[in-house]
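Asks: Protein sequences appear in the order of chains A and B.
Oh and the first sequence: position 53 is 53 in full-length UniProt numbering, straight run, nothing missing.
Oh and the second sequence: position 170 is 170 in full-length UniProt numbering, straight run, nothing missing.
Keeping only pairs whose Cα atoms sit at most 27 Å apart, straight-line, the calculated DSS-like set for lysine-lysine is:
{"hint": "1", "chain 1": "A", "residue 1": "K359", "chain 2": "B", "residue 2": "K153"}
{"hint": "2", "chain 1": "A", "residue 1": "K265", "chain 2": "B", "residue 2": "K91"}
{"hint": "3", "chain 1": "B", "residue 1": "K132", "chain 2": "A", "residue 2": "K136"}
{"hint": "4", "chain 1": "B", "residue 1": "K95", "chain 2": "B", "residue 2": "K128"}
{"hint": "5", "chain 1": "B", "residue 1": "K144", "chain 2": "B", "residue 2": "K16"}
{"hint": "6", "chain 1": "B", "residue 1": "K131", "chain 2": "A", "residue 2": "K432"}
{"hint": "7", "chain 1": "B", "residue 1": "K153", "chain 2": "B", "residue 2": "K131"}
{"hint": "8", "chain 1": "B", "residue 1": "K16", "chain 2": "B", "residue 2": "K146"}
{"hint": "9", "chain 1": "A", "residue 1": "K432", "chain 2": "A", "residue 2": "K359"}
{"hint": "10", "chain 1": "A", "residue 1": "K432", "chain 2": "A", "residue 2": "K332"}
{"hint": "11", "chain 1": "B", "residue 1": "K153", "chain 2": "A", "residue 2": "K432"}
{"hint": "12", "chain 1": "A", "residue 1": "K136", "chain 2": "B", "residue 2": "K153"}
{"hint": "13", "chain 1": "A", "residue 1": "K179", "chain 2": "B", "residue 2": "K91"}
{"hint": "14", "chain 1": "B", "residue 1": "K146", "chain 2": "B", "residue 2": "K14"}
{"hint": "15", "chain 1": "A", "residue 1": "K179", "chain 2": "B", "residue 2": "K95"}
{"hint": "16", "chain 1": "A", "residue 1": "K332", "chain 2": "B", "residue 2": "K153"}
{"hint": "17", "chain 1": "A", "residue 1": "K332", "chain 2": "B", "residue 2": "K91"}
{"hint": "18", "chain 1": "A", "residue 1": "K332", "chain 2": "B", "residue 2": "K95"}
{"hint": "19", "chain 1": "B", "residue 1": "K144", "chain 2": "B", "residue 2": "K194"}
{"hint": "20", "chain 1": "A", "residue 1": "K179", "chain 2": "B", "residue 2": "K132"}
{"hint": "21", "chain 1": "A", "residue 1": "K359", "chain 2": "B", "residue 2": "K131"}
{"hint": "22", "chain 1": "A", "residue 1": "K359", "chain 2": "A", "residue 2": "K332"}
{"hint": "23", "chain 1": "B", "residue 1": "K16", "chain 2": "B", "residue 2": "K95"}
{"hint": "24", "chain 1": "B", "residue 1": "K128", "chain 2": "A", "residue 2": "K179"}
{"hint": "25", "chain 1": "A", "residue 1": "K136", "chain 2": "B", "residue 2": "K131"}
{"hint": "26", "chain 1": "A", "residue 1": "K265", "chain 2": "A", "residue 2": "K332"}
{"hint": "27", "chain 1": "A", "residue 1": "K179", "chain 2": "B", "residue 2": "K131"}
No lab work stands behind these hints, which were simulated from the structure alone.
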Amino acid sequence: MSNTHADTVAFVRDTMLPQQEPPPSSVGAVGWARANLFSGWFNTILTFVSILVIGFVLYEILSWVFSPTWNAGSLRECREILSAGGEATRGACWGVIRERWIQLLFGFYPADLYWRPILAFILLGVALAPVLFADKVPSQLIWFSAIYPFLFPWLLWGGTIWGPLSALAGFVIGYFVFKALSEVTSTLIGIIAAVVAALLWWLVLSGYVVDALNSILPIGIQAVESRNFGGFMLSITIGVVAIACSLPLGIVLALGRQSDLMIVKYICVGFIEFVRGVPLITLLFVASVLLNLFLPPGTTFDIILRVLIMVTLFASAYMAEVIRGGLAALPKGQYEGADSLGLNYWQAQRLVIMPQALKISIPGIVSTFIGVFKDTTLVSIIGLLDPLGLSNAIRADSNWNGVVWELYGFIAAMFFIFCFSMSRYSMYLERKLRTGHR
Amino acid sequence: MSELAIDREIDRSKMKVSDEVAIEIINMNKWYGTFHVLRDINLTVNRGERIVIAGPSGSGKSTLIRCINRLEEHQAGRIIVDGTELSSDLKNIDKIRSEVGMCFQHFNLFPHLTILENCTLAPIWVRKTPKKEAVETAMHFLAKVKIPEQANKYPGQLSGGQQQRVAIARSLCMRPRIMLFDEPTSALDPEMIKEVLDTMIELAEEGMTMLCVTHEMGFARQVANRVIFMDQGQIVEQNEPEEFFNNPKSDRTKLFLSQILGH
Ligand SMILES: Nc1ncnc2c1ncn2[C@@H]1O[C@H](COP(=O)(O)OP(=O)(O)O)[C@@H](O)[C@H]1O
Ligand SMILES: [Mg+2]
Chain A
1 MSNTHADTVA FVRDTMLPQQ EPPPSSVGAV GWARANLFSG WFNTILTFVS
51 ILVIGFVLYE ILSWVFSPTW NAGSLRECRE ILSAGGEATR GACWGVIRER
101 WIQLLFGFYP ADLYWRPILA FILLGVALAP VLFADKVPSQ LIWFSAIYPF
151 LFPWLLWGGT IWGPLSALAG FVIGYFVFKA LSEVTSTLIG IIAAVVAALL
201 WWLVLSGYVV DALNSILPIG IQAVESRNFG GFMLSITIGV VAIACSLPLG
251 IVLALGRQSD LMIVKYICVG FIEFVRGVPL ITLLFVASVL LNLFLPPGTT
301 FDIILRVLIM VTLFASAYMA EVIRGGLAAL PKGQYEGADS LGLNYWQAQR
351 LVIMPQALKI SIPGIVSTFI GVFKDTTLVS IIGLLDPLGL SNAIRADSNW
401 NGVVWELYGF IAAMFFIFCF SMSRYSMYLE RKLRTGHR
Chain B
1 MSELAIDREI DRSKMKVSDE VAIEIINMNK WYGTFHVLRD INLTVNRGER
51 IVIAGPSGSG KSTLIRCINR LEEHQAGRII VDGTELSSDL KNIDKIRSEV
101 GMCFQHFNLF PHLTILENCT LAPIWVRKTP KKEAVETAMH FLAKVKIPEQ
151 ANKYPGQLSG GQQQRVAIAR SLCMRPRIML FDEPTSALDP EMIKEVLDTM
201 IELAEEGMTM LCVTHEMGFA RQVANRVIFM DQGQIVEQNE PEEFFNNPKS
251 DRTKLFLSQI LGH
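With the rest of the complex left out, here is chain B (with noise of 0.2 Å):
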């Protein structure tokens, strides 16, 4: 909830949005049985941006972006990821999920396999890379979010900070050209927020394309290009951070704000 105190300079020199298109969303609608949950969503995301979005809970923000790589499926509108229009032939599902990263609020690691292992499951099985080459893969991205030593260990003997950190790892190692945070730091302790947070920041850093769902208004106003709010299932305004946090339009943004950042 609180503002995040970025205690470096972040380096915008890659932070570049491109005119290419990642992610078309257009006219999409969504129902949970009868309950309409997404109405009416059109979203276009470049390459290079990174999207905070923010809505209270129950909003629909988990349920949009796990559209995105079909965790849930919308029944009218399109959604077209890196030129893949998702429809129901699961050879394009299990493409665009392999190439679209997702970070969950629980993490969900696999905890009968190693942190090693997590990390070279998918490259091996899905993108049928050898063994050595996973492996060596692993070990750099566990290294870049500065956990290589807990490689042999299992999900359940580390802290809740460092497990994160490893899901990132995970996702990174299928070299996903889009990641997805669903609340990422959500679930945990405030001086393990900041580890995770870090490790976002240096994501962004090196030009990924973000969409992440996360309270963290501080990682909103230093690293977002964009915020979108959302509320009932809509999207009710979106805009550039400065703008966005300084001089919201919409009643329901500014009532938002106001709870959140508790002035």
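Just chain A, with the same shape it has in the complex (with noise of 0.2 Å):
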């Protein structure tokens, strides 16, 4: 095509061309590193001092990491085989991990009975596989979803059977009446009749009906009182709880300060601003003492109750805060076509609205997520032996005394690989939902 003139405008081409190989140094393992790690003489010297600062880090660790202590029974006797090695006293004292790793998952959960948290988690995967992998598991599971709520706090806690029924009870009551009024008046009405009813049944009247029924069938397996919940049972139990409740809260909450009715927005907006305003200490101090001045003396208000209460309601606003965003970010045409497709208010919301906001906010929600549940390590502070309130008191024996890295390097772990495999769902989760090319 050189012959080509520069005077020569027309041009025709005559034969097609065929589609060619790229050439070899651009693609492969050899392409990569040449684009990625030698592309050119600067960029070559990063690439090596950078493999050697890695390796050296990665040798002192690893050599800190690597050491035969796993038997031992105190700090002292860690470092006799530490020096007796030769290798002076650097290395890690991983006895105490040996001797307290079962405290630190179950805090002084009666050990006769872990069987109950451990099924409890391994049934909260089963019920959170219909939500989490909708398409892979058969879709009645998501009856036993619905029961687990219930199921989960009764295995943890035990007690009578009738506790957790009656607790049901309340959701079947509440929809009766939402059924049966938001036919007759508006849908907003029924909502805020079901909850009046359903609270009027779990405060006032199911208490009765429990003692009731338990004293004429009493079905009940034993129960554990709250100060022996610890460790990592006790973090994930908050974070679960917290989670699980503060979606649904934070989509009220989010639709709350949206809406029409000024009562119903301005009292969103202040509880919005006024949670994400204090800190979650103070939150969890006023759980756990300020609470009690309130109550009638002689109450009892289980603690991790307050606290999840706490927990929830702060992570509720900061998910009121991410929905919105997702609401703010949908265009007009959306609430437009399903006005248009005669949809009320509660459908649209439901079937077209909500479901886009929530996948814009993906993000979002899984970093709330995932504050959530590293700040219920903050429960320590108020006495509750979390695994950070754990190491505190391992420490304050005067075996492990001095033992630091270890036992928060162990922590650390434990946390990131929930964490991390938030946020690697996260990612699947958006890759799934991604439907269309723009």
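Assembly of the complex is requested from the two constituent chains, each provided in isolation within its own frame, with the hints serving as guidance.
Replies: Take a look at the structure:
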């Protein structure tokens, strides 16, 4: 083609070119290394320096991690083992993890009942499957997910079977009140009446009913008190409950914030701004100390339940703002499309708006989840024995006085596993939900 | 903007205007804040009419047809659709919306649902049609707009013209008695405009009552039985297409036509 003269403008191609392989130096491992590691002398130097630094750091860390102290019974024994090996006192003291890992996982939960939290968390996986991987498991499993929230506390705390059943009954009552009223009046009135009826049942009536049923038919398992809860079991319990409850609450708050009804709107805005304006620690102190002052003397209001409520409220305020961002990102046309088809407000929200808003908000939602899960360590400050609280208790033992890195390293690794899994899941979900090319 | 080259005879046998009134708008006024966007609109649409609404940008065309299914609320006057007056009663509004189909400039398909789900959503949830029947209806109308093979794709995977045809099919699945179009071809490339207009022509041939805001003057000339020209929130002129194009009365209409037809 090079014989095309500059002055001949007209050009017609007579043979089409076939597709050709790219040059070998631009593909494969060689191509990759050339493009990413050795493109130019400066990048080549950087590559070698980086490899040296990484190698040095890895050597230091690994030689600390691989230390033969698994069977040591105290910090002193660890030091002896290490100095016998001739390596001075460098190296981790893993004896503490061997001796205390069960405690870091379960706190002071009765050892013969460990199967209950273990079963509860295995079933948690089963209950989550239809929610997380909806297309890969049978859809009937969702019924198990629906009753799991009542099974979970029963397995952990034990006690009479009538407790969780009456909690479930509250939802059933609410549902029927809603069903009956929303037909004759509006959906909003139906919802309000349903909430009032359910609260009435839980707070006033259910106590008597449970006592009565329990005296007739005492079915139950051994009860475990909240002060025996601890370790990762406690963190996961608080994290899972707060995560599961804060999402629906956050959706309600986000919708309320956009509501045309003045009162609903300002209640939601007020709640969100207040909760976001105070540190979680403050709320936890309110839960542990102040609430006692307001409750009538003699009432027992479980400390873990109080913490759960506070952490959930805290998380839901953040969740509401994340979801509001998703709602704001939706074009107005989506609302109009739904309206023009005759969908009412709730149908439009549930079928058109929320699925898209939640999808947009997935990264923010999962960040909030991860934040909440890590914030559960703050409960150690009000005296609950989460892993951090336990690590202090373990160090108070004269055998392990002075062990720091090993405990924190173990706790950090456990948290990392959970948080990293959540983060990977969110990426998987985003990929799966991506529709269309734009 | 250009004249539409319709390459086939239009079958006018079913395009009959009946005496029955489909939409009646009486002394309707609307404001956005203090801005008087629609001024004293009076319009009666009979069943079977094909009305094209034209006018410069910002003249209130969209607002007018959006008032008919209450996407916008009017503040004075009356709008009666199919014998039901638009009031603030929610039940009324949902009833009218489910009987008046609407297509938008930007399609407004639901991107998280497949084409088929887009089409069955409203029949299942609003009309309470059994799912199987809704799917059959949807496939019928998707075949009618000539894209049944795309039923399981997502809107984002379709071209603009295909998306707009899906939007039309989605409206038709609700079996509307009136269809509103707000510039359905304005966001499309020229080669796709024709496929959408073809679909609209077929709809007209079946006797659908249609109100179209469009700049496709060829469509207006050949399909409409009445052209309405709006400017500054008012109906300035309306006439049969022949008269409207060949013999416009008002100066504003003449100016508009000379700009849009490029004479
Ligand atoms: N939501 C709104 N709020 C305030 N003004 C609006 C709104 N929507 C449209 N308008 C104004 O109303 C006028 C008519 O708009 P529209 O009906 O969209 O015109 P057209 O469709 O004829 O181009 C325009 O001047 C526009 O700026
Ligand atoms: Mg417009």
